[in-house]
Amino acid sequence: MSKLSIRGVEKTFPGRPGSSGATAATRALEPTSLEVADNDFITILGPSGCGKSTLLRIVAGLETPSAGEVRLDGQPVHGPGPDRGMVFQSYTLFPWLSVRDNVCFGLRERGVPRAEQLAVADRFLAQVGLKGFENHYPAQLSGGMQQRTALARALANDPKMLLLDEPFGALDHQTREVMQELLLGIWEQHRKTVMFVTHDIDEAIFMASRVVVMSARPGRIKCDVPIELPHPRSYKVKTTPEFAAYKEQLTEEIRVETIKTLSMEA
Amino acid sequence: MADTVSDPLPPQGGGGRRTALFTPLKPVAPALRTTLGIACFVLFFLGWGIATYGGFVKPLFLASPGDSLKAGWALFTEFGFAEDIGVTVWRVLAGFALAALVAVPLGILMGAFKPVEAFFEAFVSFARYLPASAFIPLLILWAGVGEMQKILVIFIGSVFQLVIMVTVIVSGTRTDLVEAAYTLGAKRDGVVRRVLLPASAPQIFEALRLVLGWAWTYVIVAELVGASRGIGHMIIDAQRFLDTGQMIFGIFVIGVIGLVTDLAFRTLNARLFPWAKGR
Numbered sequence: 001m002s003k004l005s006i007r008g009v010e011k012t013f014p015g016r017p018g019s020s021g022a023t024a025a026t027r028a029l030e031p032t033s034l035e036v037a038d039n040d041f042i043t044i045l046g047p048s049g050c051g052k053s054t055l056l057r058i059v060a061g062l063e064t065p066s067a068g069e070v071r072l073d074g075q076p077v078h079g080p081g082p083d084r085g086m087v088f089q090s091y092t093l094f095p096w097l098s099v100r101d102n103v104c105f106g107l108r109e110r111g112v113p114r115a116e117q118l119a120v121a122d123r124f125l126a127q128v129g130l131k132g133f134e135n136h137y138p139a140q141l142s143g144g145m146q147q148r149t150a151l152a153r154a155l156a157n158d159p160k161m162l163l164l165d166e167p168f169g170a171l172d173h174q175t176r177e178v179m180q181e182l183l184l185g186i187w188e189q190h191r192k193t194v195m196f197v198t199h200d201i202d203e204a205i206f207m208a209s210r211v212v213v214m215s216a217r218p219g220r221i222k223c224d225v226p227i228e229l230p231h232p233r234s235y236k237v238k239t240t241p242e243f244a245a246y247k248e249q250l251t252e253e254i255r256v257e258t259i260k261t262l263s264m265e266a
Numbered sequence: 267m268a269d270t271v272s273d274p275l276p277p278q279g280g281g282g283r284r285t286a287l288f289t290p291l292k293p294v295a296p297a298l299r300t301t302l303g304i305a306c307f308v309l310f311f312l313g314w315g316i317a318t319y320g321g322f323v324k325p326l327f328l329a330s331p332g333d334s335l336k337a338g339w340a341l342f343t344e345f346g347f348a349e350d351i352g353v354t355v356w357r358v359l360a361g362f363a364l365a366a367l368v369a370v371p372l373g374i375l376m377g378a379f380k381p382v383e384a385f386f387e388a389f390v391s392f393a394r395y396l397p398a399s400a401f402i403p404l405l406i407l408w409a410g411v412g413e414m415q416k417i418l419v420i421f422i423g424s425v426f427q428l429v430i431m432v433t434v435i436v437s438g439t440r441t442d443l444v445e446a447a448y449t450l451g452a453k454r455d456g457v458v459r460r461v462l463l464p465a466s467a468p469q470i471f472e473a474l475r476l477v478l479g480w481a482w483t484y485v486i487v488a489e490l491v492g493a494s495r496g497i498g499h500m501i502i503d504a505q506r507f508l509d510t511g512q513m514i515f516g517i518f519v520i521g522v523i524g525l526v527t528d529l530a531f532r533t534l535n536a537r538l539f540p541w542a543k544g545r
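Heads up: the sequence lines are chains A and B, in that order.
Mapping to this note's numbering: the first sequence position 90 is 90, numbers consecutive.
Mapping to this note's numbering: the second sequence position 94 is 360, numbers consecutive.
Calculated from the structure, these hints are not laboratory results.
Incorrect hints may have been included.
For lysine-lysine, the following DSS-like pairs were computed, each having C-alpha atoms within a straight-line distance of at most 27 Å [to be verified]:
{"no.": "1", "chain 1": "A", "residue 1": "Lys192", "chain 2": "B", "residue 2": "Lys380"}
{"no.": "2", "chain 1": "A", "residue 1": "Lys160", "chain 2": "B", "residue 2": "Lys453"}
{"no.": "3", "chain 1": "A", "residue 1": "Lys192", "chain 2": "A", "residue 2": "Lys247"}
{"no.": "4", "chain 1": "A", "residue 1": "Lys131", "chain 2": "A", "residue 2": "Lys222"}
{"no.": "5", "chain 1": "A", "residue 1": "Lys3", "chain 2": "A", "residue 2": "Lys260"}
{"no.": "6", "chain 1": "A", "residue 1": "Lys192", "chain 2": "A", "residue 2": "Lys260"}
{"no.": "7", "chain 1": "A", "residue 1": "Lys3", "chain 2": "B", "residue 2": "Lys453"}
All chains, full assembly: derive it from the sequences and hints.
Following this line, the structure appears as structure tokens:
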């Protein structure tokens, strides 16, 4: 049985009535179905505005689908919950909490004793390489460090799934590559089921066991490419011919969609 | 980190130092900041001195700085002005505390829960425009001329403004922080207490500082009518004897107290919310 099952999920954002500012309803997501196996690392690749973030937010329970349903371990998803840890593109650390207390947040909400909270937080902070920054405030950290903290915060809850919405999108290229390795390393160790949304082709191939390509708006799944690169992967895999072949294939797929998006806007 | 971000470069060529100093949004050195702040006061007193000592304005209309100071000394030594100050400060703090006690929780509820906002918003917006001073005759009828009446004027003047401000602040909490809290397992109660509240706290504190300033306007208005003690009452008394020195000194004392409380609020804000520094 699959870990996550997305069945016929679609999303239409209602239009705005009114004589001057009226807008038509926007179809963000065509009926979409996707099965994600346990321990899968799925990247959802698509041009901007293709509804990939909407799909992820529906899985997170932050948006309700207009039709269809999402099941995690056979249980229907009705709203956000700690079983699906999320890392956002924007920096969402609580600015009034120290790095350590940010990581403790979910544990505290669940009533875990303080001593245990601290032990868990320090373990995950060490794992993302932030030992020594426990008492810093988020504003004192760089973007990459903030996203590492956000990752530790999501992992500390021991979720069934990790949902990532372009978490490295705001980082510079070099930092982003190191972050990809870090995340991949954590996945290779914990084997969480991961759903990762991105528009970066290299990023999508490098980390994934499956790349799901989405079409231009209204979004739907265009193709599903299993990535059979060996693990553990190092950054060096990016210069292999196998990687290049995947990149060529996906570049073609995405290019068509991007051109479609552009012509739609024109 | 914020402090590694370099200042915007001043435009090149010509102008020199002054252009560099007046580059838009460019901060000034702390020492220069203090000097400029003091310079404004110095200039103010200088202008006042020239107008009065120079004989440009009659002493009946405007007392000189020296005379005002002398009048102030007399107020403290002969007329028990310290007690007036104490009474006024107490009224301000009582009215303000009462307003905060009602407005902050209500504003938080209105900001967090939209049905509560829908229920109260129209009424509060209406009530906000009722001038507190217009209530003085009614309040005298209801509460007499005692302390309660003065406190109620301040309460009415502050509470509605504060409710609206707190509502706007809480409503403006970043939704992505709220969403993050939900995905971490927070429930409704946790989101209100441990996201909306701490996220809004520094700005609520700032709103309190502003409203405390307004409370000072209301207390003087309240004391101009039917009071037997207080700074406002002293000013009205002084008017009877055309003692502009005392009037000016009274107004000045209010300004000084305002400056001190403002400074106290700022210091406390920085102490309580170090994470919000420079935002």
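When you check the alpha-carbon spacing of Lys192/A and Lys380/B, does it fall within 27 Å?
The given pair, whose Cα atoms are some 38 Å apart, is violated under the 27 Å limit.
For the pair we were handed, Lys131/A and Lys222/A, check the Cα-Cα distance against 27 Å.
With Cα atoms ~42 Å apart, Lys131/A and Lys222/A exceed 27 Å; violated.
Quick one, are Lys192/A and Lys260/A close enough, alpha carbons at most 27 Å?
Roughly 35 Å separates the two Cα atoms, so the pair is violated.
Hinted pair, alpha-carbon criterion (27 Å max): Lys3/A, Lys453/B. Please report holds or violated.
holds (25 Å)
Can the restraint linking Lys160/A and Lys453/B be considered satisfied, given a maximum Cα separation of 27 Å?
holds (19 Å)
Given the hint that Lys3/A pairs with Lys260/A, test it: the Cα-Cα distance must not exceed 27 Å.
violated (33 Å)
Holds or violated: Lys192/A with Lys247/A, Cα cutoff 27 Å?
holds (25 Å)
In summary, the numbered hints that this structure violates are 1, 4, 5, 6.
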